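Protein chains in written order, with numbering that gives the first Met the number 0: chain S, 0 to 166; chain P, 0 to 565.
If you are wondering where the hints come from, they were derived from the structure by calculation, not from laboratory data. The model shown is predicted, which means the values in this text are computed figures rather than measured ones. Quick reminder that beta carbons are idealized off the backbone N, C-alpha and C, glycines included. Hints are not guaranteed to be accurate.
[Claimed, not checked] Listed next, with one range per pair, are the computed distances between beta-carbon atoms:
1) P/K476 / S/Q143: 44 to 50 Å
2) P/R79 / S/A146: 22 to 28 Å
3) S/Q143 / P/G105: 35 to 41 Å
4) S/L71 / P/D267: 19 to 25 Å
5) P/Q8 / S/Q143: 37 to 43 Å
6) P/L245 / S/R46: 35 to 41 Å
[As the list claims (entries may be wrong)] Derived list of chain P stretches under chain S, where covered just means 3 residues or more per stretch with a C-beta under 8 Å from a C-beta of chain S:
7) 16-23
8) 153-161
9) 266-277
10) 475-487
11) 491-501
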Amino acid sequence: MPQIIKNGRIQGDEWKVLRGVGNDAAATMAVPAGRVIVPLAVWQAQRPQLASSAEAGMLGVWLTGDTDLAALADDLMALPLIAVDFPRFTDGRGYSIATQLRTRYGYAGELRAIGDVLCDQFSFMIRCGFSTLQPCEERYNRVQIDAALTRPGDFSGPFPRNRRGTR
Amino acid sequence: MYKYDEYDQRTVDERVTQFADQTARYLAGELSDDEYRPLRRQNGLYIQRHAPMLRIAIPYGNLCPAQLRMLGHIARTYDRGYGHFSTRQNVQFNWPNLEDVPEILGLLATVQMHAIQTSGNCIRNVTADPFAGVAADEHIDPRPWCEIVRQWSTSHPEFSFLPRKFKIAINGAAQDRAIIRVHDIGLDLVRGTDGDTGFRVLVGGGLGRTPIIGEEISPFVPWQQILNYCEAILRVYNLHGRRDNLHKARIKILVKSLGVAEFARQVDAEFVHTRDGLSTLTQAEIDRVADRFNDPVLPELPAEDAGYAAQLAANKAFANWVKRNVRAHKAPGYVSVVLSLKKIGAAPGDISADQFDAVADLADQYAFGEVRSTHEQNLVLASVRQADLFALWETARSLGLATPNIGLLTDMIVCPGADFCALANARSIPIAHAIQDRFDDLDYLHDIGEIELNISGCMNACAHHHVGHIGVLGVDKSGEEWYQVMLGGDQGNQAVLGKVIGPSFAAADLPDVISTLINTYLDCRHEEERFIDTVHRVGIESFKTRVYVERDARLEGRKRPDAPNH
Ligand code: SF4
Chain S
0 MPQIIKNGRI
10 QGDEWKVLRG
20 VGNDAAATMA
30 VPAGRVIVPL
40 AVWQAQRPQL
50 ASSAEAGMLG
60 VWLTGDTDLA
70 ALADDLMALP
80 LIAVDFPRFT
90 DGRGYSIATQ
100 LRTRYGYAGE
110 LRAIGDVLCD
120 QFSFMIRCGF
130 STLQPCEERY
140 NRVQIDAALT
150 RPGDFSGPFP
160 RNRRGTR
Chain P
0 MYKYDEYDQR
10 TVDERVTQFA
20 DQTARYLAGE
30 LSDDEYRPLR
40 RQNGLYIQRH
50 APMLRIAIPY
60 GNLCPAQLRM
70 LGHIARTYDR
80 GYGHFSTRQN
90 VQFNWPNLED
100 VPEILGLLAT
110 VQMHAIQTSG
120 NCIRNVTADP
130 FAGVAADEHI
140 DPRPWCEIVR
150 QWSTSHPEFS
160 FLPRKFKIAI
170 NGAAQDRAII
180 RVHDIGLDLV
190 RGTDGDTGFR
200 VLVGGGLGRT
210 PIIGEEISPF
220 VPWQQILNYC
230 EAILRVYNLH
240 GRRDNLHKAR
250 IKILVKSLGV
260 AEFARQVDAE
270 FVHTRDGLST
280 LTQAEIDRVA
290 DRFNDPVLPE
300 LPAEDAGYAA
310 QLAANKAFAN
320 WVKRNVRAHK
330 APGYVSVVLS
340 LKKIGAAPGD
350 ISADQFDAVA
360 DLADQYAFGE
370 VRSTHEQNLV
380 LASVRQADLF
390 ALWETARSLG
400 LATPNIGLLT
410 DMIVCPGADF
420 CALANARSIP
430 IAHAIQDRFD
440 DLDYLHDIGE
450 IELNISGCMN
460 ACAHHHVGHI
470 GVLGVDKSGE
480 EWYQVMLGGD
490 QGNQAVLGKV
500 IGPSFAAADL
510 PDVISTLINT
520 YLDCRHEEER
530 FIDTVHRVGI
540 ESFKTRVYVE
550 RDARLEGRKR
560 PDAPNH
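One chain only, chain P, in its complex shape:
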């Protein structure tokens, strides 16, 4: 992964000193709450339900063992022994003391980590495909471009007080795994007619209160100009985005109100002046960044390992895990492995201090030290020999990291919800647990097959519920927790927003509602048809009708206490 140069290190070190000073002035009463708020947010610090929450950046999801061990140390020393992977590939600690945060940031800086711009109305941590650099379907590696965007956006003087937060994602593979269409700017790496690298640029996507799928504003921006072009977009947004209403301040609202054509016209008018400007990239700069990635040299291997094939044939549990949790790698004889942070009974995305250390050991032993976090809140070991898989699986299993459920119903994306988050309308973790309990039979889960269930505790949509095949949203009904259910959303190249199926449900009803949706699918599906494809083929109507008929029947049953129990 990328190794800091002196300049990167100095930038991060100075931010630590600066933030320590700001916090000291705040604690001394020299800075007001209002003045301190954006400063702490731009260093990842929220004030939450129980304590401050510190969000640490994992730039485009790349992690090395030393960093994991440091996260484990922080979890153990300053938190209650665990951390949480967010849906933006970052890691969050829920229990640090405000006074300790400068010290934590200092420790992070020693392993080339920081919390810069993980919150606040600025350009946030850039996200990407967790399989970047190793995916079999990748045409251009997005990581150097992500790193360039990280360096460019860090403390950008013009764009540190935008109307609202701003998220950029970059994809370089045939299948988009970075959901670029729901980002403020989505960059799709493409080749021009002469084979030159460039970017298809999407703008104005986002979830939250007003979910919108981003639209293309340029089919091809040459790589030399991409930062100049982004500056043009950001400048139009910074000057004209709404600042009077927090809920209408994202760029998507500006794009929508102007219309994408007019927005593009304004960007082009600005780009006339920023083109060839100070942020023009040169080959030397790209090389400087790309060279610091130091990718491991993978020894050449035969495409199929005989021992591995035998283990697959002999051990069904191992084969199941491989089927669900292992992905194709561009190099013959290698695979990528997804470590599940979705063990039944655990909060999705949570990881203990010991697991941090253990994943670091696994990465050292089996994965050339390359770990990635995913927006689905799991971890990826990027490059593993087929021949090592069985041993890796056995160890991961003993650590509770080998639940063979990637892409299945229990691999839910779940935000922290009201258990931790001050903005929440409702809890999301107990809902996840109730659904995990209902669907704890692995054979049944495998039979249901691929399905994405996303649960957000409020309309900020941190769990991306709009693009879940099933989306659950916590709503507040006169002080009570209720849940709206959406159906038919999807991420990836065909990203589409789900539709609300009808009136919301009480928490106790949700496992039954999910069961009805699954049963409807099982009754309607064609052979080999995934849940989402069935939903799109038959339409949400029949799902919806059955959900409410069965719900009403249950209510009716509860009203008559002497009704037969079944």
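Pulled out of the complex, with its shape left as it was, chain S reads as follows:
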């Protein structure tokens, strides 16, 4: 079972991330049973079949950095889980997507970082509103993750809200 970090603790995870191929396959891609995080294109293409599973809290959608949130936000707000993919850890678009989901659209569900998620960026991710971090599988052993969680993060939050004690 993959390990994730949720609310500052390591835990096992039942969600399976369905990695897509191209857009063409979105309509026909098989979505397995259980809790699944599907590519946005699959959600859009198979919405009638997937809606009940979403309502039951069993379906999440993952977004890429070029997702146009303005056009989609209403559709996504009811999902129990939204994941944002970091194709490389140096691709910082996911931080803005997460910030927008939380501050502009008021998304209150689980917001998960997936992809090239490295422990030296955990604190940035959490401060942008991610509630769950899913590090690259097999990148870290348990000891390393434990160490990451007790390490001092970046104390500095975004100014000036940090100074008001609202971090």
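Fit chain P with the ligand to the known structure of chain S by using the hints.
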């Protein structure tokens, strides 16, 4: 200058611990090169030609004596006895060991310094007028605003992995001395119709491979909203800036491809949501920051000091130095002094460990402890009594810090070039030396008058060659060092990019090329006309023609070894 509060200190201390841990994990093989690279860069550490290069932030160029002494100590202990002031008001050490860097950062933290975000694809050290707070032509002091931008941008979680580096400069004077028009964001402090403070916002300026002068996207953003507005700009850039090509990743390319009107529309659409958001500033916050500046209380003085006037009349060398290196101060009886780091024979911007200490002593003795670094790679003593100038000059002279050349040809802006920098195409320091040697006559230099010569070792343009009156750029021609020459650039309110005059030159030709440019100017100038004004009046054509005619004549002369020597 600004004094840290507990919060600032804790932020910096935690970064030191964090970086020590990251470096230990890297050295233990737990972090790959790729994973460690952005972490070390965000702490100012590059891997260079000889060794790592550590770039230390001098926020908006403000320094105090204790910090200078610490820099001297670091130069002596961890480097080869000197440091280098960069064109972004920062200081660089070229020879530290990677293993020592956490320790150096720890020492810096004890004097409220750090290397945070002096490199990497994040918001870099904010720059400003070195005469901020004391300049006679200033309408709003930019320093508290710079400090607020520093605090806001430090470890900003959303903007630490931008497509590319991001530079902000702030000006609050009539004459822009921070080159805000060649920054990713240039902020111009202005007063609104009701006298309220706000910012004229420029965006998308920058030099490098694709030099562009920034354009205005808002004539007035109220001060309360300035961080929210910057967040809107940065968010549009973070989401839509190019990440597929390093050379097209700066915000200027996005602004250019969208057009400034469309870019502004997108920013405004985002600003609708960030306005009044979490980064809204309040008067209490401005006061909190401004109060920590603790500016020295300058005793009232008469506007003219009689002794000073007599010294000026009696000593020509002193008068020359005053003419070139001393600037007007807003308080009567005071001046600002530029200490030249452009002594003939020295690498421009270099400073020895002993000089670090000596400048600290000068600042303590004569300048109320206030020192500034300039983007022209010199140092400024912000507030000095007229009555103290002569004594200050004598001491500075003995330290090699009083070359009376500020604003003259030998006050060149020069990047480290291929002697140190791994990205360089060509060396820049030896070119500077060759030109210094050619123009070592002070009377001649003073006759030529104000001129800016900027030399970059590659198109990253660290020496801002595009906005030099004369710009020199090192280029690589099948493994050989060649130099392109530009003419007609300018910084300040009328910032304009220079134009390449033609095919590039061999290193040995450059002093002659500069001579031809100067001679053309001397032949054409009107009375009291500066070099750049002559260039703009007569056009670069006549300069260019003469440069190549004389160059060809020299080549011809060299081909005929029996030609008369002259
Ligand atoms: S201009 Fe080029 S050579 Fe000079 S310091 Fe910058 S990157 Fe290095």
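Verification of the hints:
| no. | hint | verdict |
| --- | --- | --- |
| 1 | P/K476 / S/Q143: 44 to 50 Å | holds, 49 Å |
| 2 | P/R79 / S/A146: 22 to 28 Å | violated, 36 Å |
| 3 | S/Q143 / P/G105: 35 to 41 Å | violated, 24 Å |
| 4 | S/L71 / P/D267: 19 to 25 Å | holds, 21 Å |
| 5 | P/Q8 / S/Q143: 37 to 43 Å | violated, 29 Å |
| 6 | P/L245 / S/R46: 35 to 41 Å | holds, 39 Å |
| 7 | 16-23 | holds (count 4) |
| 8 | 153-161 | holds (count 9) |
| 9 | 266-277 | holds (count 3) |
| 10 | 475-487 | violated (count 0) |
| 11 | 491-501 | violated (count 0) |
Of the numbered hints stated above, those contradicted by the structure are hints 2, 3, 5, 10, 11, listed in ascending order.
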